[in-house]
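Which chain is which? The protein sequence lines are S and D, in order.
Residue numbers for the first sequence follow this note's numbering, so the first one is 1 and each next one is one higher.
Residue numbers for the second sequence follow this note's numbering, so the first one is 1001 and each next one is one higher.
Take these hints with a grain of salt, some might be off.
[Claimed, not checked] Per label pair, the in silico range of CB-to-CB distance: (1) D:A1152 x S:L121: 26 to 34 angstroms; (2) S:G44 x D:A1023: 15 to 23 angstroms; (3) S:S115 x D:R1005: 31 to 39 angstroms; (4) S:K5 x D:V1020: 53 to 61 angstroms; (5) S:V43 x D:L1053: 18 to 26 angstroms; (6) D:H1048 x S:N4: 15 to 23 angstroms.
[Unchecked claim] Here are the simulated BS3-like cross-link-like pairs (lysine-lysine), alpha carbons at most 27 angstroms apart as the crow flies: (7) S:K111 x D:K1031; (8) D:K1129 x S:K111; (9) D:K1129 x D:K1031; (10) S:K111 x S:K5.
If you're looking for bench data, these hints aren't it; they were derived computationally from the structure.
Ideal Cβ placement from N, Cα and C applies to all residues, glycine included.
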Amino acid sequence: MIRNKPLLLLFRVVLGGLFIYAGVVKVGHPLDFAQDIRNYRLVGQSLSFIAAVVLPWLEILAGAFLIAGIWKRGAALVITGLLVFFIVLTLVTMARGLDIDCGCFGALSRKSGWSVVLEDLGMLFLGFVLFFDKTPGPSPEK
Amino acid sequence: MSEARRTLRQALALAALSVVVAAAVHLPLVKRFARGEFRETFFVPADHPGIRLITMAEAEDLWRAGEAAFIDARTADLYAQGHVPRALSAPAEEAETSFPSFFERLPPEGALVIYCEGGDCQSSLALAKRLREKGFTDIRVFSGGWEEWARAGLPGEKGDDQK
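Kindly generate the complete structure, drawing on both the sequences and the hints.
So this is what it looks like as structure tokens:
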């Protein structure tokens, strides 16, 4: 368990910042992102559309709340949940042999592959540390 | 309330908040979705002036008349295995980082026909959007792609791109 407060704050800023960034680059191009989701061939047109509209905002809000220290554990839960989902999704996509863009960072995305999994695992580590952190933050939750 | 329940509630509240914000921000898009749009494709030609989807018959006419430059957006491997004669190879993936130099020799107002494998392949559309940003004004995407072209028994060519 990490108890170093400045380090925990740094983790929150880095992880939250990455999620805000990932959301912001996608939020302006929902139809492009919808196509990225559709390319995974797991859900149909309608679900791809709904996910493309909502997911970037979930990333932005969870990232912002994590940094602000509001509903910190809830935000960490959303972020770790999303990361676990992304990792499983990427592994399944690789196993199916699909050669597609991951869609992670909008137009800056690269192919779904091991580098995406490693990056997500790195973020997942930060997410777990923050999720299990019990030190009271500057939040109104206590 | 237990810690676990509180955390779960926070996460659900964040999800609900995201739905509300997303619906508010993207209201015009959500309305179009509710009216039945985007059920077949997320590409709406009206949103992309300068890019049109064309059928194989149109593509064939343009090719026979030599009125458009054909661009193959597939990988170099697939291009080498067979492509529309005279088509230039511009793998969409590579165009993200290094843009093929032959585009500089093509007039920006000249017609381009871009294709990929066919079916639901997306690389031709992705490349079309990139070329639109680069200033090309008459871009036609032949969505039937190489699959439809070859199946119809139209001429093909093998080998690497000579540029």
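Status of the hints after comparison with the structure:
1. The hinted window of 26 to 34 angstroms between A1152 of chain D and L121 of chain S is violated, with their beta carbons roughly 47 angstroms apart.
2. For G44 of chain S and A1023 of chain D, the hinted distance range of 15 to 23 angstroms is satisfied, since their beta carbons lie about 20 angstroms from each other.
3. A hinted range of 31 to 39 angstroms holds for the C-beta pair S115 of chain S and R1005 of chain D, which are about 37 angstroms apart.
4. In this structure the supplied range 53 to 61 angstroms is violated for K5 of chain S paired with V1020 of chain D, their Cβ-Cβ distance being about 33 angstroms.
5. Here the CB-CB span from V43 of chain S to L1053 of chain D is close to 24 angstroms, well matched to the stated 18 to 26 angstroms.
6. Between H1048 of chain D and N4 of chain S the beta carbon distance is about 50 angstroms. The supplied range of 15 to 23 angstroms is therefore violated.
7. Proximity of K111 of chain S to K1031 of chain D is assessed by CA-CA distance (about 32 angstroms); at most 27 angstroms being required, the pair is judged violated.
8. Between the alpha carbons of K1129 of chain D and K111 of chain S the distance comes to roughly 19 angstroms, so the proposed pair stays at or under 27 angstroms and holds.
9. For a cut-off of 27 angstroms, the pair hint linking K1129 of chain D to K1031 of chain D stands: about 25 angstroms separates their Cα positions.
10. Proximity of K111 of chain S to K5 of chain S is assessed by CA-CA distance (about 36 angstroms); at most 27 angstroms being required, the pair is judged violated.
The earlier numbered hints that this structure contradicts are 1, 4, 6, 7 and 10.
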